[in-house]
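Student: Can you build the whole structure from these sequences, using the hints too?
What follows is each chain in one-letter form.
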Amino acid sequence: MPNLQPYADPNYFVYLLLALVPLAIGLYFGKRFVAYEILVSLAFIFLIFDDKTHAGQGVALIVYSIWQFLLGWGYVRYRKEHNQSSVFYTVTALSILPIFLVRLSGAGIFHAQLSLLGFLGISYLTFRSVGMIIEVRDGAIKDFHPVMFLRFMLFMPTLSSGPIDRYTRFAKDAAVAPAREEYIDLLGDATKKLFLGLFYKFIVAHYAEIAYNYFQGMAMSDAHHGMILSWWLIPVAYSYGMYLFFDFAGYSLFALSISYVMGIRSPINFNKPYASKNIKEFWNRWHMSLSFWFRDFVFMRFVFLFLKHKWIKNRNTVSTIAYFVNMLVMGFWHGLTWYYILYGFMHGAALAGNDAWIRFKRKHKKVIPHNKFTEGFAVVLTFHFVMLSFLVFCGFLDTFWFHR
Amino acid sequence: MDVKAGVLEIIEDVTGEDMSNQMDEDLFESGLLDSMATVEMLLALEQRFNIQAPVSELSRDDWNTTNKIVASVTALMG
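For the record, the sequence lines run as chains A and B. Under this note's numbering, the first sequence has 242 at position 240, and the numbering climbs by one with no breaks. Under this note's numbering, the second sequence has 57 at position 56, and the numbering climbs by one with no breaks.
If you're looking for bench data, these hints aren't it; they were derived computationally from the structure. Hints may contain errors.
[Unchecked claim] Once the Cα atoms are required to be at most 25 angstroms apart in a straight line, the calculated BS3-like pairs of lysine-lysine come out as:
(1) B:Lys-69 <-> A:Lys-310
(2) A:Lys-310 <-> B:Lys-5
(3) B:Lys-69 <-> A:Lys-174
Tutor: Here it is as structure tokens:
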């Protein structure tokens, strides 16, 4: 048996697309072969975990799926009769528990035992299951469909790194076959995305990574001479920023392309993020399925709760706190390290600062100019701030300062 | 109660814009409604029309213009 990591090399696409041919023919004729779709999904998930180094993760994925299945099934049953907040929070906490333990082990706490719970994709599956529980709480999901639940949780194209879909949206697509014209359009789009993704990931990201490694090496030689800062950190930041975008956007394009072939319109992840005029716009264009998940399930719920109960009167104070909570939770989700948490803090501060600036600008409309040049300046400023935050995020500073 | 007049009043309260002549203007695209303003609008609609605001199941495609908000509120009122 070969071992196939998702989208890792060109062969993967050949095997996967061949396996999807029967499904595509079915969809073209208006039929969705659900059993076959599940079979392909499971087979390619199996191929991720079928060697010695990955087998443990495969077992963890099975345990994880059973755990989330029981939580989802139990909570839907409970929610039909009752709606206590305490039960909702408990179930949400239990759903987050596996990734919480894995993050603890990542930070070196109870390392050996807890790392057994982790597997490729656990961070992304957590969004699927927690999002679903919140939708049950809000009444958007009323019934538990075991098969649809598993198709959603174990949807292979987006298993390892998203884009993060929502159960209600997914179920709408997955319940039917698209109309033929729509499916033909989807296939056209899938082809474009596939080739753009190949260009992004296997060409641009490949060279950006070589540059990133080279600059890290140069910075480390300064570190070995005892320097606290190095000019080489600047190209480290920008080359990492390029690598991260083209690698992740390339991967996301693959995931979307395969989703489309399967007749599922998974949400897009990137929309020219480096052309954003401010940090808020950046988060509407960067890793969109993640940032929208946080927007809807963390930021908006937090603000709603605080304003509704009038815990804090001033709306600007509420939104500032909510920005920090939102971005810090995102930081913690990435992992329990100082640089992920600082990264979250920086973006929380930038979002709050951006709002304050916009309020200030509105008040002083007459004296603050607004034209093409100021907009251009805003794009440049936003881009550089983002690169600075990625220098923190990439973790190289940790090596540079503390692991010389 | 007139739903349209009430919705227009709430949108004006939240965004500072009178939308009565631009009922089909996309409120999210134009930047008039951000997440914060959306929550404020939902809370105000909840109180005014005695409905249950759909915070996390808010489908932005059904709430992005004044006309659509009027329709969505009317639907929620049953």
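Student: If a hint holds in the structure, say so; if it does not, say that too.
Tutor: Hints, verified against the model:
no. : hint                   : verdict
1   : B:Lys-69 <-> A:Lys-310 : 24 angstroms, holds
2   : A:Lys-310 <-> B:Lys-5  : 23 angstroms, holds
3   : B:Lys-69 <-> A:Lys-174 : 21 angstroms, holds
Checked against the numbered hints above, the structure breaks none of them.
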